[in-house]
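With chain A's structure known, arrange chain U on it following the hints.
One letter stands for each residue in the lines below.
Protein chains: 2
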Amino acid sequence: MIATLLAPLRAPANVAVGPGDDAAILADGTALTVDALVEGVHWDARLNAEDVGFKTLAVSVSDLASVGAKPAWALLTLALPDEDLGWVSDFARGLAAACERWGVALVGGDTVFTPGPKLVSLTLGGPCVASPMLRSAAKPGHIVWATGSPGLASLGWRLSDPPQEALDALRRPDPPVEFALALARTGWVGAAMDLSDGLERDLPRLCAASGVGCVIDPDRVGRHRLLVDEHWANAVSGGDEYQLLFTTPPERAQDVRELADSFDVWVTPIGTCDDSGAARLTDRAWPGASFRHFGGRS
Amino acid sequence: MIATLLAPLRAPANVAVGPGDDAAILADGTALTVDALVEGVHWDARLNAEDVGFKTLAVSVSDLASVGAKPAWALLTLALPDEDLGWVSDFARGLAAACERWGVALVGGDTVFTPGPKLVSLTLGGPCVASPMLRSAAKPGHIVWATGSPGLASLGWRLSDPPQEALDALRRPDPPVEFALALARTGWVGAAMDLSDGLERDLPRLCAASGVGCVIDPDRVGRHRLLVDEHWANAVSGGDEYQLLFTTPPERAQDVRELADSFDVWVTPIGTCDDSGAARLTDRAWPGASFRHFGGRS
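Chains as they are written, first to last, in my numbering: chain A, 1 to 298; chain U, 1001 to 1298.
Chain A on its own, in the form it takes in the complex (with noise of 0.2 angstroms):
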């Protein structure tokens, strides 16, 4: 669909990084990414409000971050089927929390009146504070990051009745921003990227962005003890995680460990890039389309 949508389009002159990326750059530096939530899609009864409103902010400065980028200023579009002035307080206290947590200012928006399901879309804009990390980077040889236990917040959304810790993996995406940024200006990092719609189908990306292939080691993505025996798949395949996946030559695993532990961020080398053009894990096949983001469509 995204293809059909840009095919009469030109290829935007005076930018950086066209659509393709986490987030588009443009001339000046400026980075960009919109992303749009969707009641009974996206959300459900496990999110109330406040978490909504933390939520929308959340999923775009992990793609900004994404990119070694600062979130700073947002937009944001409201379409609701009534006046429900507690809901949009609530999503308010939420957004203001995450706008707070973040620096970013809420400059402008659009409320609008749908007969369909709650819709919130945000666009984020925000300054690169290095060379952007994009995906297209990866070298055979390099090892294969992931920040964070991959897989909670998937947990969250398809057991009945979750643990609190995915739970709140799902409410409060927690993306590592910090670390991301000062990753960014180190130099180190080969390709990134993160993790919304979870490693078998985000790798992938990944890989044909940087024309390389990778292993991929399960047992390590994910370590957590909620994600072992029958939840193990979480890991690789679920979405709507906001980790930051990255490639850095081996060389730098120990600055990388130290830079991590130094933002209290847990950091696991899951796997090594090589030249076979797909990703792989090393024991086993991927969950496959079963296993979708929500079990939806995003």
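To be clear, the hints were calculated from the coordinates, so they are not data collected in a lab.
Fair warning: this is a prediction, and the values are worked out from it, not measured in the lab.
Just to be clear, a hint being listed does not mean it is correct.
Said to hold, decoys possible - Here chain U is said to cover these stretches of chain A; the calculated rule only asks that three of the stretch's residues, wherever they fall, bring their Cβ under 8 angstroms from a Cβ of chain U:
(1) 69-77
(2) 96-104
(3) 107-114
(4) 127-134
(5) 154-166
Just so it is clear, CB atoms sit at the ideal spot from N, CA and C, and this is done for glycine as well.
Chain U alone, transformed into the frame defined by chain A:
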């Protein structure tokens, strides 16, 4: 609803103009706006997909032009209930035509599934070409000007079998962008805004922001052979027009006419600002709430 939304949010730092004007303006002079259109609310079968694509950009171009900013880049959210590639392809063709026309690069976007009606939301940014034109600088004694023939798009929406000219205005908004930018460069303007919600709703906003009143001659607004007799109210109360409303000191009247002529833009002095604090018509009441934007909720 907007007040509820903004209540918990801090007044944005490092922002020259925040929510409330047609566009937000960052400290570096970048103007930003976002507009959403919902199928069945903001458009119906009178607009084909190509029209919707064109109009999606045109309405935001109008916002930017009305503060004196040149449209430059856009991000698009597209929420669709099915993967109708034919619709998307037509939509993209209309959007591409508008991007060509106004020199805008589509740099990013998000496509999501919704079980509700189609929704498009577009964020547009670009640099102010001079000090921004805002709603807040009208003064008693200023002439109130409007471009074009406000009311035609409204007529196209309201009639069951509208004349072609009214349909064209509804389908392909033609904001006077180059004239607005040239006007911003002159420094003649007091207050300015676009007429997206119609004079009856927009003029009181301008008056409130400027702390003035004004008297409008309804027979001078939207002078057009289609906007007479029972159709006059479209000119003062119809929305969806995307013409420019602005004020200047009376001694600039001839300059304004000459500038407009040079861009082949029709300008009309429709009234005068005073210190009454209210926006009135010379000889009758406003058509009122019964005559609302699309008869629906906006």
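Outcome of the hint check:
For the segment 69-77 of chain A, the proposed coverage by chain U is satisfied: 5 residues have a C-beta within less than 8 angstroms of a C-beta in that chain, meeting the threshold of three. Requiring three or more residues with a Cβ within less than 8 angstroms of a Cβ of chain U, the coverage given for the segment 96-104 of chain A holds, as 3 such residues are present. Evaluation of the coverage hint for the segment 107-114 of chain A: fulfilled, as 8 residues show C-beta separations to chain U shorter than 8 angstroms, against a requirement of three. Check result for the segment 127-134 of chain A against chain U: violated, 0 residues qualifying (beta carbon to beta carbon below 8 angstroms, three or more required).
With 0 residues carrying a beta carbon less than 8 angstroms from a beta carbon of chain U, the segment 154-166 of chain A misses the three-residue requirement, and the given coverage is violated.
The structure is inconsistent with the numbered hints 4 and 5, although it conforms to all the rest.
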